[in-house]
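A.B. asks: Sequences listed follow chains A and F, in order.
If you're matching positions, the first sequence starts at 174 in my numbering and goes up one per residue.
If you're matching positions, the second sequence starts at 743 in my numbering and goes up one per residue.
Wrong hints could be hidden among the right ones.
As the list claims (entries may be wrong) - Okay, the calculated beta carbon distance ranges per label pair:
#1 A/Ala306 x F/Pro979: 50 to 56 Å
#2 F/Gly1001 x A/Ala524: 25 to 31 Å
#3 F/Pro979 x A/Phe226: 35 to 41 Å
#4 A/Arg363 x F/Pro822: 48 to 54 Å
Claimed, not checked - Quick look at which bits of chain A chain F covers, simulated, 3 or more residues with Cβ under 8 Å:
#5 189-201
#6 403-412
As the list claims (entries may be wrong) - Examples of chain F residues lying across from chain A (beta carbon under 8 Å, computed):
#7 Gln873
#8 Tyr875
#9 Glu919
#10 Leu980
It is worth saying that the hints were derived from the structure and are not from the lab.
Remember, predicted model here, so these are calculated numbers, not experimental data.
The beta-carbon is built from N, C-alpha and C at its ideal position, and this holds for glycine as well.
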Amino acid sequence: MSGAHRVVIVGAGPAGIRAAETLVAAGVRPVVIDENARWGGQIYRQPPAGAGFKRSAATLYGFEAKKAEAVHDAMAKLLPKIDYRPDTLAWACEQNRLDTLHAGRETSVPFTHLIIASGATDRIVPLPGWTLAGVFTLGGAQVALKAQGCAIGSRVVFAGTGPLLYLVAYQYAKAGARVAAVLDTSPLARQAAAAPRMLSQPSMFAKGVYYVGWLQAHGVRIERGVTLDRIDGDDAVRGIRWRTRRGEPRSLDCDAVGMGFGLRPETQLADLAGCRFRFDPLNRCWLPERDAAGRSSARNVYLAGDGAGIAGADAAELAGRRAALALIEDIGIVTHRSAQPDATKLERELARIAVFRAGIEHAFAPPVNAAQHWPDDMTVCRCEDVTAGTMRACIRSGLATEVNRLKSLTRIGMGRCQGRMCGESAIALLAAETGKPLADVGRLRSQAPIKPIPITPMLYDDGVHVQPEEAHDE
Amino acid sequence: MNDTRAGVSHFDVVIAGGGLVGSSTALALAKSGMRVALIERRFCGAQASGVNYGGVRTQGRTAEQLPLAVRARRVYGRLPELIGIDGEMVVSGHLRLARREADLDVLDRWSAMAREHGVESHVMSGPAFRQRYPWLGPAAIGGSLCPSDGHANPRLVSPGFAHAARRAGADVREQTELSDITFDGTRFQMRAGRERISSDWLVNSAGAWANRIAGSFGESAPMKPIYPNMWVTEPLPLFIGHSLGVVGGGIYARQVERGNCVIGGGRGHGDGEYAQPSTATTRAVMRDACALLPALRDALLIRTWSGVEGETPDGNPIIGLSRTTPRLLHAFGFSGGGFLLAPGVGEVLAELVTQGETSTPIDAFSIGRFSSTPLSVTH
Chain A
174 MSGAHRVVIV
184 GAGPAGIRAA
194 ETLVAAGVRP
204 VVIDENARWG
214 GQIYRQPPAG
224 AGFKRSAATL
234 YGFEAKKAEA
244 VHDAMAKLLP
254 KIDYRPDTLA
264 WACEQNRLDT
274 LHAGRETSVP
284 FTHLIIASGA
294 TDRIVPLPGW
304 TLAGVFTLGG
314 AQVALKAQGC
324 AIGSRVVFAG
334 TGPLLYLVAY
344 QYAKAGARVA
354 AVLDTSPLAR
364 QAAAAPRMLS
374 QPSMFAKGVY
384 YVGWLQAHGV
394 RIERGVTLDR
404 IDGDDAVRGI
414 RWRTRRGEPR
424 SLDCDAVGMG
434 FGLRPETQLA
444 DLAGCRFRFD
454 PLNRCWLPER
464 DAAGRSSARN
474 VYLAGDGAGI
484 AGADAAELAG
494 RRAALALIED
504 IGIVTHRSAQ
514 PDATKLEREL
524 ARIAVFRAGI
534 EHAFAPPVNA
544 AQHWPDDMTV
554 CRCEDVTAGT
564 MRACIRSGLA
574 TEVNRLKSLT
584 RIGMGRCQGR
594 MCGESAIALL
604 AAETGKPLAD
614 VGRLRSQAPI
624 KPIPITPMLY
634 DDGVHVQPEE
644 AHDE
Chain F
743 MNDTRAGVSH
753 FDVVIAGGGL
763 VGSSTALALA
773 KSGMRVALIE
783 RRFCGAQASG
793 VNYGGVRTQG
803 RTAEQLPLAV
813 RARRVYGRLP
823 ELIGIDGEMV
833 VSGHLRLARR
843 EADLDVLDRW
853 SAMAREHGVE
863 SHVMSGPAFR
873 QRYPWLGPAA
883 IGGSLCPSDG
893 HANPRLVSPG
903 FAHAARRAGA
913 DVREQTELSD
923 ITFDGTRFQM
933 RAGRERISSD
943 WLVNSAGAWA
953 NRIAGSFGES
963 APMKPIYPNM
973 WVTEPLPLFI
983 GHSLGVVGGG
993 IYARQVERGN
1003 CVIGGGRGHG
1013 DGEYAQPSTA
1023 TTRAVMRDAC
1033 ALLPALRDAL
1043 LIRTWSGVEG
1053 ETPDGNPIIG
1063 LSRTTPRLLH
1073 AFGFSGGGFL
1083 LAPGVGEVLA
1093 ELVTQGETST
1103 PIDAFSIGRF
1113 SSTPLSVTH
């Protein structure tokens, strides 16, 4: 390849690893930047090296053990052929350069081509008590188990909706934790209605059925179609209250709650890289635009995996390969066809998974009217402690019809998380109050840093100078 | 609101641009009974007026800006009464720091000059200064405190003026583009969105985009877009007692009640339409900021931002009547220092419309001052 090309991949999950593998096969040596200490992403997360406990792949990843091992092995083989930078946060992107933070040092990483495989986090739909100690996201609960070998509590309720709800409950129960209940806000009827689409991936569908069956066989209480009312507790979780499908009030004692409502793509880096966004009704959020190959609207920026739209780990592997092929084509490298995956086939498989995903999103849609029922005193933005009531008052006075204006006036999304956790809630509340569709109340713009960064490492760079000519800007 | 006027297409005054200048002008005019339309292409107070540092600072202003600055400062003392909110206005005092001996002379000279305009400031240095400000790093060797200065929250103040203007009866239209602007010899004719409207007066307060309006009347001012670079830390224990600046400019800092430190200096990037902060600038300013405020070293940076502002060659704004068109008023090009001045400019423009003159000297800000220099339109 021409030395003029500098390809950077952000993310070493299934999408990033397969993209790197495809690039290496074409003779490209990419830089792979990953926030985690070890490769695998969230779904195939590895326990930290020297963690002091050992669990087999089968224990850690269940049905996905083979896939996890395949992805891990692929990356292990790539290591000599890539510039791998683990434990590194890409916190800004401007003018074909990423700013990264690793081990307390700042490094600027220039690129000519960028593949963003930034993954996803749990979607949060708040309910009273969600900020109590002992409430974790489903992903967080899973990380505790996978990376730390511990459970989030001794009597755990899993609440929310989505396939992860049952998977994490299963993993907890299997690991010996006491799962008090699984409370799914989606009704069984909706899941049954979506079954034909989900059967486009029969093995995935079968796994979902298996987890539910296993939990039931082991006496774990499962309720569907519930409305979550509140998590009780003073400082820490003491119990949870909900209403059944028929509206009957229920409660249960517990000391931890794992909560999640599907996944939400991490799109900030794509935003900073200048990608154009569109509202995606299926994911119920704004996504960076991309073509079937993964090219974004920004020149030489490619998107793959859940960070560009939730499609799961299998799709992430395919999309990572596909985006890398597009990149290889765009920089004009001619490869032996047999040595590389077939682009058409990859796109066909991705399309098939998309049908399955549409089924999943329909079966496990987050509760649509939740925002309407949030009590005024409930915190929506925990960084800045903004309540639903504060936001409502602002919206009802006519001051904010758009989410960035709501942010300006109430501070929602201005804190440490920069709206990554609460941004969707703000949009939902704005839509509920104004009667507008989610797509019509604006999109929170991302600003660097993507995650808070310490100031000290910023002070080392000697290649920068003060610009004293700006005397007036205060 | 103002449904009763929905069918009316003629206004006494149309204001192009819903930043703090346009909004405060709209408020002042609406309160004096004029029929006013405030037309904003995006959202009121969402551009430079809403994303700037928030300095309510007279200290360091040039002699020609001081009368206007003093007048504007008085407006900031009446925010609750004027716009119904305090806008997080804090009379913290402004401390202008000296980092070398020569800076102290600059501070002394300014102090003497400002006193003639009724603005008090005290220059300090040496052990007394060090003792009074243990939270300042050794890079600061002295400073001048102007106790009547302060800071406010532009995100609240600027939209607040637009909202107050609407309550006072102004027809405030957001997400509405002005186009086809002409003067027919009697009235201004234009299109607001799809609707045709006309007016007796036109106020050009379109900020970095004001040359587009001026250009409709064969006029332009040498102005280039600038992108001030800003950042904010997580909340820290309160330690920055004043709003801070330095002699020569380039860095400024304040701490809000919640504890976040808002710091600015240098430039981001932009294309004239949108702005993006620059990490290289942020880094450079951080080093300077930490030399002045060592406690920042342990903080977390949570957000950076920028905005689009217009800068003139002499750093002074353009305020006053057009040279080509009667009843066309310009007010733009505040060069990064407009947050304090804007509400004063609103009063001045309202006086010019209603009384034909203003008690505040603004001759230095005439668009005519650039006539000897070659005009270049760079919006």
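A.B. asks: Given as covered by chain F, does the segment 189-201 of chain A meet the bar of three residues or more with CB within less than 8 Å?
C.D. replies: It is violated, with 0 qualifying residues against the three required.
A.B. asks: For the pair proline 979 of chain F and phenylalanine 226 of chain A, does the Cβ-Cβ distance stay inside 35 to 41 Å?
C.D. replies: holds (39 Å)
A.B. asks: The hint says 50 to 56 Å between alanine 306 of chain A and proline 979 of chain F; measuring C-beta to C-beta, is that right?
C.D. replies: violated (23 Å)
A.B. asks: Is the hinted range of 25 to 31 Å satisfied by the C-beta distance from glycine 1001 of chain F to alanine 524 of chain A?
C.D. replies: Check failed, 50 Å falls outside 25 to 31 Å.
A.B. asks: Tell me if tyrosine 875 of chain F is really an interface residue toward chain A, meaning its C-beta lies closer than 8 Å to one of theirs.
C.D. replies: Because about 19 Å separates tyrosine 875 of chain F from the closest Cβ in chain A, which is outside the 8 Å limit, the hint is violated.
A.B. asks: Double-check glutamate 919 of chain F for me: the hint is only fine if its C-beta lies closer than 8 Å to a C-beta in chain A.
C.D. replies: Violated - the Cβ of glutamate 919 of chain F stays beyond 8 Å from chain A, reaching only about 17 Å at its closest.
A.B. asks: Hint check: is the beta carbon of glutamine 873 of chain F less than 8 Å from a beta carbon of chain A?
C.D. replies: violated (26 Å)
A.B. asks: Using the nearest Cβ pair, does leucine 980 of chain F come within less than 8 Å of chain A?
C.D. replies: Violated, about 17 Å.
A.B. asks: Count the residues of the segment 403-412 of chain A whose CB lies closer than 8 Å to any CB of chain F, then report whether that count reaches three.
C.D. replies: Not satisfied, violated; 0 residues make the cut.
A.B. asks: Quick check: does the Cβ-Cβ distance between arginine 363 of chain A and proline 822 of chain F fall within 48 to 54 Å?
C.D. replies: holds (51 Å)
In summary, the structure is inconsistent with hints 1, 2, 5, 6, 7, 8, 9, 10 from the numbered list given earlier, while agreeing with the others.
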